[in-house]
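Participant: Here is how the chains run, residue by residue.
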Amino acid sequence: MSYFSDALFIGDSRTEGLQLYSGIQGATFYCYKGISVFDVMEDDPKKLIEIGGTSYSIVDALGVQSGQFGKVYLSLGINELGYYDDQGFHDKFAALIDRVRETQPDAVIYLQTLTPVNPELCAENWPSYVNNDKVAVYNAIFEQLAEEKQVVLLDVGAALSNSDGILAKENTVDGVHFTRAWYQEWLAYLQTHTVDF
Amino acid sequence: MSHDFPWALGILAALLALTLTACGGGASNAAPFDPESTAQALLDSGAFSEPLEEMSVDLACGTLYDIDAEAVTGCAVYTSLTAGAEEIAVLTFNSEDAASSALEALEQRVADQRAALENYQPQEVSKLDGAILEQRGNSVLLAVAEDASAAQAVLDGLAE
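Line by line, the protein sequences are chains S and W.
Under my numbering, the first residue of the first sequence carries the number 1, and numbering increases by one thereafter.
Under my numbering, the first residue of the second sequence carries the number 1001, and numbering increases by one thereafter.
In short, the hints are calculated from the structure, not lab data.
Keep in mind that the hints are not guaranteed to be accurate.
As the list claims (entries may be wrong) - Distance ranges between label pairs, derived from CB positions:
#1 LYS47/S / SER1049/W: 29 to 35 Å
#2 ALA123/S / GLU1118/W: 19 to 25 Å
#3 SER2/S / ASP1147/W: 38 to 44 Å
#4 VAL1110/W / SER163/S: 39 to 45 Å
#5 ALA140/S / THR1073/W: 51 to 57 Å
#6 ASP133/S / VAL1057/W: 37 to 43 Å
#7 GLN87/S / GLN1040/W: 49 to 55 Å
#8 SER55/S / GLU1054/W: 25 to 31 Å
#9 SER2/S / SER1049/W: 30 to 36 Å
#10 GLU1096/W / GLN191/S: 42 to 48 Å
#11 GLU120/S / ASP1066/W: 34 to 40 Å
#12 VAL1110/W / LYS46/S: 14 to 20 Å
#13 GLU1104/W / ALA136/S: 44 to 50 Å
#14 ASP1066/W / SER163/S: 40 to 46 Å
Unchecked claim - Negatives, chain S to chain W, calculated, CB over 10 Å:
#15 GLY82
#16 ALA123
#17 ALA136
#18 LEU153
#19 VAL195
Stated by the list, open to error - Simulated coverage check for chain W against chain S, where a stretch passes if three residues somewhere in it have a Cβ under 8 Å from a Cβ of chain S:
#20 1051-1061
#21 1074-1088
#22 1111-1119
Just so it is clear, CB atoms sit at the ideal spot from N, CA and C, and this is done for glycine as well.
Make the full structure from the sequences, and use the hints.
Facilitator: Spelled out as structure tokens, the structure:
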């Protein structure tokens, strides 16, 4: 049985990349291209997760699969780089952590820091707000949240950055998304940074 | 004159058969796709602009398309590392019915990608507008390319 067979990953297209290209086995994924924590926690969120032929929002899916996960990994923020509501980002993430804890009471909750982008490739491929200005801000919020909510902070961002503190060109295809090898590197980090209760 | 009539019928039948095989979409009378060679021909065609990675049959059947892996006899699936629209899927099945079900699943895939990309990477949606979806016997194909015409030319060449 894989270590990740009782793991749930909640995230955006980078998490989708982890699912498709890292070789991870057995985990459950609630991920969607372009999603933000604001989307996840809005009043009437989109039904993006299919369970048993029925579609649910992420917050409802957590309830449908209540108690099923031993580990929950959170990775959001890259689609919020153009937002200017840091308090809102904090509050929505705090509410998401609360929902995870409410529905998965026995789970270790891992809050993953954001991996920076590659500025040169982002300038070619993405709108101008996709840069590293907000990455440090959000990662500081994650440190704060990890303390407030007593969840595990996983410094994926540091692990996948180069010595200049950015995503190296050779590890990304467009400035944001990783190469297959770098998704495998992300998985390797997760496999070697675990907590047991 | 009475000797010409069967000959004319034969010509008519041949014309009818040609018309049917020229139709795109749905089931066709062309030979089934070979997943590996068809996918490679598409990859080599220059029709795709994004870096494409090969998917395992388990991920293709489970995560991507929700199709019955037990019915799959051959598989070549490639998706984009940029989380964009470009994609190649060529699959063979143990029956034409299974292939028909898979074609519906691939149609759903195109619809799901459109919904996901329209706000996230709207420039990718036009590629989905040119998506090539075809069943040939017990095989199906999905190709979402930068240059749909170039991709179609490859497939037309394979059908000859």
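Participant: Hints first: check each against the structure and report whether it holds.
Facilitator: Each hint, compared with the structure:
1. LYS47/S / SER1049/W: 29 to 35 Å: holds, 32 Å
2. ALA123/S / GLU1118/W: 19 to 25 Å: Since ALA123/S and GLU1118/W have Cβ atoms about 24 Å apart, the given range 19 to 25 Å holds.
3. SER2/S / ASP1147/W: 38 to 44 Å: Holds: the Cβ-Cβ distance is about 40 Å, inside 38 to 44 Å.
4. VAL1110/W / SER163/S: 39 to 45 Å: Check passed, 42 Å falls within 39 to 45 Å.
5. ALA140/S / THR1073/W: 51 to 57 Å: holds, 53 Å
6. ASP133/S / VAL1057/W: 37 to 43 Å: Roughly 42 Å apart at Cβ, these two residues keep to the hinted range, so it holds.
7. GLN87/S / GLN1040/W: 49 to 55 Å: At roughly 52 Å between Cβ atoms, GLN1040/W and GLN87/S fall inside 49 to 55 Å, so the hint holds.
8. SER55/S / GLU1054/W: 25 to 31 Å: With Cβ atoms ~29 Å apart, the hint holds.
9. SER2/S / SER1049/W: 30 to 36 Å: Given about 35 Å between the Cβ atoms, the range holds.
10. GLU1096/W / GLN191/S: 42 to 48 Å: holds, 43 Å
11. GLU120/S / ASP1066/W: 34 to 40 Å: holds, 38 Å
12. VAL1110/W / LYS46/S: 14 to 20 Å: holds, 19 Å
13. GLU1104/W / ALA136/S: 44 to 50 Å: holds, 46 Å
14. ASP1066/W / SER163/S: 40 to 46 Å: holds, 43 Å
15. GLY82: Non-interface label stands for GLY82/S: nearest chain W Cβ at 13 Å, farther than 10 Å.
16. ALA123: The assertion about ALA123/S holds, with a minimum of 15 Å to chain W.
17. ALA136: Given a closest Cβ separation of 24 Å, the condition holds.
18. LEU153: holds, 26 Å
19. VAL195: Holds, because the least Cβ-Cβ distance between VAL195/S and chain W comes to about 27 Å, which exceeds 10 Å.
20. 1051-1061: Holds: 4 residues of the stretch 1051-1061 of chain W have a Cβ under 8 Å from chain S.
21. 1074-1088: With 4 residues close enough to chain S, the hint holds.
22. 1111-1119: With 3 residues closer than 8 Å to chain S, the stretch 1111-1119 of chain W meets the three-residue bar; holds.
In this structure, none of the earlier numbered hints is contradicted; all agree with it.
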